[in-house]
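Based on the sequences and whatever the hints tell you, model everything.
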Amino acid sequence: MNYELIEQLRSQYGANGLPYAIPIHPNLVHLTLGLFIIGIAFDVVGVLFPLEKSVFKFLAIPATRTNFFDVGWYNMLASAIITFFTVATGFYEIMLAYPINGIKSAWGLGALETMLWHGVGGVVLLTLIVGMTVWRGFQRYLWRSDRARQVQWSYLAVGFLIMFLMFLHGTLGAHMAGEFGVHNTAGNLLRLGKDPNVFLN
Amino acid sequence: MLENLLPPLNEHNLPYPDTIHPIVVHFVIAMVLFAFLCDVIGYFTKNHRLYEVSWWNMFFATISIFIAIIFGQIEAGLSLAYYAAQPVLNLHTLLGWSLSGIVAGITGWRYVIRLQDPQKLPFAYLIAGLLLTLLVLYQVYLGDNLVWVYGLHTVPVVEAIKEGTLQ
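Keeping their order, the protein sequence lines are chains A and B.
Residue numbers are given in our numbering: position 144 of the first sequence equals residue 144, and the series is strictly consecutive.
Residue numbers are given in our numbering: position 94 of the second sequence equals residue 94, and the series is strictly consecutive.
Keep in mind that the hints are not guaranteed to be accurate.
Derived CB-CB ranges, DEER-like [stated by the list, open to error]:
id, chain 1, residue 1, chain 2, residue 2, range
1, B, Gly164, A, Ser154, 51 to 59 Å
2, A, Val158, B, Asn90, 41 to 49 Å
3, B, Phe66, A, Lys104, 34 to 42 Å
Computed footprint of chain B on chain A; a stretch qualifies when at least three of its residues, placed anywhere within it, have a C-beta under 8 Å from a C-beta of chain B [as the list claims (entries may be wrong)]:
id, stretch
4, 13-27
5, 36-48
6, 74-80
7, 176-182
Below, simulated BS3-like cross-link-like pairs (lysine-lysine); rule was C-alpha separation at most 25 Å, straight line [claimed, not checked]:
id, chain 1, residue 1, chain 2, residue 2
8, A, Lys194, B, Lys162
9, B, Lys120, B, Lys46
10, A, Lys104, B, Lys46
11, A, Lys57, B, Lys162
Bear in mind the hints are in silico, worked out from the structure with no lab data behind them.
Backbone N, C-alpha and C define an ideal beta-carbon position, used for all residues, glycine too.
Right under this line is the structure:
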């Protein structure tokens, strides 16, 4: 971003470079990832249900196959809805980012490269999550609505592939926070030569 | 003692590349909040299918919270929490352990409710779900403070502590 523009805003913002105390994007990430991964996980449980029947019986937990597919569907739907906000807040906060310069992350990337890939990756993942939700909806309501196994194997396979992308993407985000010190109050205080023990007590 | 059992620590003061606790808590935060949302929508729209979605999400949250605590304790122990961060870390630890009991208890209650009649949810359970949601949000706020305000396990803060400029 334009350095002067950011500087104009920064004078009005807190030590973390934001107009509020705690970044919002990392919190919405909990919801995006949790809902997506557990959505896929319960579809796996639904698909492998014949193998698990005896386990649930042994544990005295009543379980119906269609309920697992309900969890798979509703969790994926919720993940798609929330992720629009995850990406929106992410772009707001990445545009106000003021990373430590001149260092490389554990993956050998600089601050700007890390931020650019994380920004692009976010839009790609949003597209993939929405695509998965549409695909899942077609399986649930049209293609396989009368089948005992509601979900295609290929859907689960793509789901795991997306989880791997999420791991790569999330690690870039972790580098921004943990290594480049983006939006970190104590880190920024230290950069300004101030003692966090004095200012954060 | 812990230092002798773990591999060498990196610049985050961790024996592995990045913090794991904030990842595991995805599966507590998202599942508890979504379970409550499903209960509320299910209760008012009488869509009982959502009760099942809620129950299985709580089931998973209960398993996850104990894994979250294990990694939370490891990372808290290695956090080099400086003076100003200590009260927040103490409260986060106390509430985290309490939440393991509360989440397990509420899931147990839900198991009994579901066993009796999976189509019915007493209003009292919704209240419990609301209180749990508030506690989880407060716990997230405390954890956010540890990471984003106090910067525990972030390289600049760990560096300053190891250099002795921050204690």
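Status of each hint after checking the structure:
1. In this structure the supplied range 51 to 59 Å holds for glycine 164 (chain B) paired with serine 154 (chain A), their Cβ-Cβ distance being about 56 Å.
2. Take valine 158 (chain A) and asparagine 90 (chain B): their Cβ atoms lie about 44 Å apart, and the range 41 to 49 Å holds.
3. Separation of phenylalanine 66 (chain B) from lysine 104 (chain A) is about 36 Å and conforms to the stated range, judged on CB atoms against 34 to 42 Å.
4. With a cut-off of 8 Å between beta carbons, the stretch 13-27 of chain A has 6 residues touching chain B; three or more are needed, and the interface restraint holds.
5. Remark: the stretch 36-48 of chain A is confirmed as covered by chain B, as 4 of its residues place a Cβ nearer than 8 Å to a Cβ of that chain, reaching the required three.
6. Taking a C-beta to C-beta cut-off of 8 Å, the stretch 74-80 of chain A contributes 3 residues in contact with chain B, enough for the three needed, and the coverage statement holds.
7. Three residues within the 8 Å Cβ limit are the bar, and the stretch 176-182 of chain A against chain B gives 4, so the coverage statement holds.
8. With a CA separation close to 17 Å, the supplied pair lysine 194 (chain A) and lysine 162 (chain B) stays within the 25 Å bound.
9. For the proposed pair lysine 120 (chain B) and lysine 46 (chain B), the alpha carbon gap of about 9 Å is at most 25 Å, so the pair holds.
10. Of the pairs offered as hints, the one joining lysine 104 (chain A) and lysine 46 (chain B) is violated, with about 54 Å between alpha carbons and a cut-off of 25 Å exceeded.
11. The hinted pair formed by lysine 57 (chain A) and lysine 162 (chain B) fails the criterion: a straight-line CA distance of about 53 Å is larger than 25 Å.
The structure fails hints 10, 11 (numbered hints given earlier, in ascending order).
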